[in-house]
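With the hints as constraints, model all of the structure from the sequences given.
Below are the chains, spelled out letter by letter.
There are 2 protein chains.
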Amino acid sequence: MPAHPILARIHEADRLIVSESFEPLMDHYTMDAVLVLEPGREVRGRAAIREAMKKIASYFAHGLQVTQQKMQVLEAGDTALVLARTLVSAPGMDDDVREATYIYRREADGQWRCCIDNSYGHRILV
Amino acid sequence: MPAHPILARIHEADRLIVSESFEPLMDHYTMDAVLVLEPGREVRGRAAIREAMKKIASYFAHGLQVTQQKMQVLEAGDTALVLARTLVSAPGMDDDVREATYIYRREADGQWRCCIDNSYGHRILV
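Chains as they are written, first to last, in our numbering: chain A, 1 to 126; chain B, 1 to 126.
Quick caveat, the hints were computed from the structure, so don't treat them as lab data. A portion of the hints provided could be inaccurate.
Remember, identical chains collapse to one label, so a pair may be satisfied in a single copy or spanning two.
To be verified - Straight-line distance between alpha carbons at most 25 Å, and here's what the computed DMTMM-like set of lysine to aspartate or glutamate pairs gives:
(1) Lys54 <-> Glu75
(2) Lys70 <-> Glu99
(3) Lys70 <-> Glu38
(4) Lys55 <-> Glu75
(5) Lys70 <-> Asp96
(6) Lys55 <-> Glu20
In structure tokens:
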């Protein structure tokens with residue numbers, strides 16, 4: 001079975017995050033996308049996500065690395081759930097392995113874009 | 001802040017599962033919904049989900065209980081991710097606490113319905 005097209009999209013998005021290429025990264029998000037910054041704190045929409053990505057890059061002293069160790073896609077029509085084991089690392093920081101949940105939506109142009117980006121998974125349950 | 005309407009929908013669906021009221025339960029699923037039966041095994045569509053629910057009820061000797069211990073909803077437009085801690089129990093069986101992931105879609109009639117029902121969460125990552 002060929003790999004789900006969303007997997008390549010996620011690897012591409014990770015490269016754009018690591019290289020701090022935030023303009024092309026925005027095409028990976030729907031206009032109404034939500035990004036979980038940390039449990040209990042979210043931003044909405046591309047403009048807010050782009051600003052948050054800049055701050056995240058600074059926080060990690062421009063050394064952020066993001067790697068998907070495992071991924072599984074469950075698809076229903078134009079909606080897909082990605083369950084991932086995501087390694088977040090940066091020089092001088094402890095590695096953080098997250099059980100991430102990403103929701104993708106296939107939009108009118110046929111492209112899959114992330115509408116809910118929650119790398120923290122169930123850590124947001126308090 | 002009022003509780004998200006999806007939370008009441010989930011509690012209602014749980015009651016319908018426990019009472020084996022599978023006809024009204026189907027209105028809680030989109031036509032293209034996917035249900036994860038166990039890691040690596042899924043069924044698609046209402047007819048298949050209804051049949052699977054009957055088998056699940058038999059498997060648990062008609063004593064299945066489903067309780068959501070914690071839930072959080074993340075919403076982006078007409079798509080929502082629910083992260084839950086779900087207790088699955090039945091007489092004579094060990095309790096199973098699952099970190100579940102449910103995806104809901106708000107359909108044209110304004111109703112939220114589940115399109116991806118994965119009570120196993122990251123257990124499907126192999």
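Hints, one by one, checked against the model:
In this assembly of identical chains, the alpha carbons of Lys54 and Glu75 lie at most 25 Å apart only when taken from different copies (23 Å versus 31 Å within one copy). Taking the closest pair of Cα atoms, Lys70 and Glu99 come within 25 Å of each other both inside a single copy (10 Å) and across two copies (17 Å). In this assembly of identical chains, Lys70 and Glu38 lie within 25 Å of each other by CA distance both inside one copy and across copies; the values are 21 Å within and 18 Å between. For the homomeric pair Lys55 and Glu75, the shortest alpha-carbon distance between copies (23 Å) is at most 25 Å, but the shortest distance inside one copy (32 Å) is not.
With identical chains, the CA atoms of Lys70 and Asp96 are at most 25 Å apart both within one copy (14 Å) and between copies (24 Å). Taking the shortest alpha-carbon separations for Lys55 and Glu20, only the intra-copy value of 11 Å comes in at or below 25 Å, while the best inter-copy value is 50 Å.
Checked against the numbered hints listed earlier, the structure breaks none of them; every hint is satisfied.
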